[in-house]
Amino acid sequence: MKYFIMILQISILFLFNFIGQLIQDYFSLSIPGSLIGMLLLFSMLMLKIIPLESIQGGIDILLRDIPFFFIPVSVGVIQYLSFFYGKGAFTILLVIVSTFLVISISGIVTNFILKKEEKSYE
Amino acid sequence: MNNVITGIIAVAATFLLYRGSKRIYMYKPSSFTLPIFLSTSSIVILMLLTGISYETYMIGGRWLDFFLGPIVVSLAVPLYREIKLIKKYAGAITIGIFAGSLTGVITGIAGAKLFGFERWVSETIASKSVTAPIAIRITETAGGNISLTAVFVTIAGISGAMFGPVILKMCRIHHPVAKGLSIGTASHAIGTAKVLENSQMEGAVSALSMTVSAVIVSFLAPIFLSIM
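These protein sequence lines map, in sequence, to chains A and B.
Letter 75 of the first sequence, counting from 1, is numbered 237 in our numbering, and no numbers are missing.
Letter 39 of the second sequence, counting from 1, is numbered 33 in our numbering, and no numbers are missing.
Derived by calculation from the structure, the hints in this document are not laboratory data.
Among the hints, erroneous ones may be present.
Stated by the list, open to error - Okay, derived cross-link-like pairs now, DSBU-like style, lysine-lysine, Cα gap no bigger than 35 Å in a straight line: (1) B:K107 / A:K249; (2) B:K163 / A:K210; (3) A:K164 / B:K78; (4) B:K163 / B:K82; (5) B:K163 / B:K81; (6) A:K278 / B:K16; (7) A:K210 / B:K78; (8) A:K164 / B:K22; (9) A:K278 / B:K163; (10) B:K16 / B:K163; (11) B:K81 / A:K281; (12) B:K78 / A:K281; (13) B:K22 / B:K163; (14) B:K16 / A:K249.
Remember, it's a predicted structure, so these values are computed and weren't measured experimentally.
Construct the complete structure from the given sequences, taking the supplied hints into account.
And the structure:
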């Protein structure tokens, strides 16, 4: 029974993803259906149409192991090994350096503003 | 029938390697034992050694891909749980995400130019910080290579999840909002999965950041591609 409920709770995610995709297609939006689905579920939670207690069990199980589902996409790198053997290798370096810059700059900016805000509260 | 068996074997092997990686990470947590990195690289090495093709692996791999959309939907839950906190810091969060998105687009394009790559590389790399479905769409509009974009997105995700915590420590950033925000902005869902380990709060801010940055980058990338 416990597993049955969990499967139902996870099915809700598929349903919202599907609705999100329908909306994306219908209005030909550039925002992906999954993000639309997330915003829809979020609104349903905020409006208390869907109580958190009714879905959180299964979702929390899924949230713990998100990386598992990203493995096949990541394995896709294997198709580009020949591109990365040559000059393409620099693109990997570039992506990594740019990612590190995004992390440090957004972190520093946010931290700076947070500290300033906290000071002005005092 | 044969395909079903191949698929089941691929998923089962992926699951076992993932569980194994998770256990290793528990005993020896470090950037290089991060489960997504350890399990992906061991599968790639296994495939190269045994000669199993990507198409064969993906017979089962595709089943896991079906979960990617619903997983993004599931991030509504941590977001809802932490909404009070997000409202409280709304100003800082908005500016922080914008700063990060801008950095990603500009450094990506500038770097591709610096290394002397052709135009399509800039068009492919500009959107690499955001979640794959949006990155692909941005690249498609710009005229880059969409399957390579997916690879860049993955590298941005995994490298940020692996080394993000170290970088944040080096920059002396300890506030959970700033930590979740920067990793979500740089490394989308893969980064979010990593920071969810630390706390629901960081996970929520990260989920929000990957969503907002995706929207911001879809505006910024075409602008900077046309002026740079």
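The hints, checked one at a time:
no.: 1; hint: B:K107 / A:K249; result: holds (13 Å)
no.: 2; hint: B:K163 / A:K210; result: violated (38 Å)
no.: 3; hint: A:K164 / B:K78; result: holds (31 Å)
no.: 4; hint: B:K163 / B:K82; result: holds (24 Å)
no.: 5; hint: B:K163 / B:K81; result: holds (26 Å)
no.: 6; hint: A:K278 / B:K16; result: violated (39 Å)
no.: 7; hint: A:K210 / B:K78; result: holds (15 Å)
no.: 8; hint: A:K164 / B:K22; result: holds (33 Å)
no.: 9; hint: A:K278 / B:K163; result: holds (20 Å)
no.: 10; hint: B:K16 / B:K163; result: holds (23 Å)
no.: 11; hint: B:K81 / A:K281; result: holds (18 Å)
no.: 12; hint: B:K78 / A:K281; result: holds (20 Å)
no.: 13; hint: B:K22 / B:K163; result: holds (19 Å)
no.: 14; hint: B:K16 / A:K249; result: holds (34 Å)
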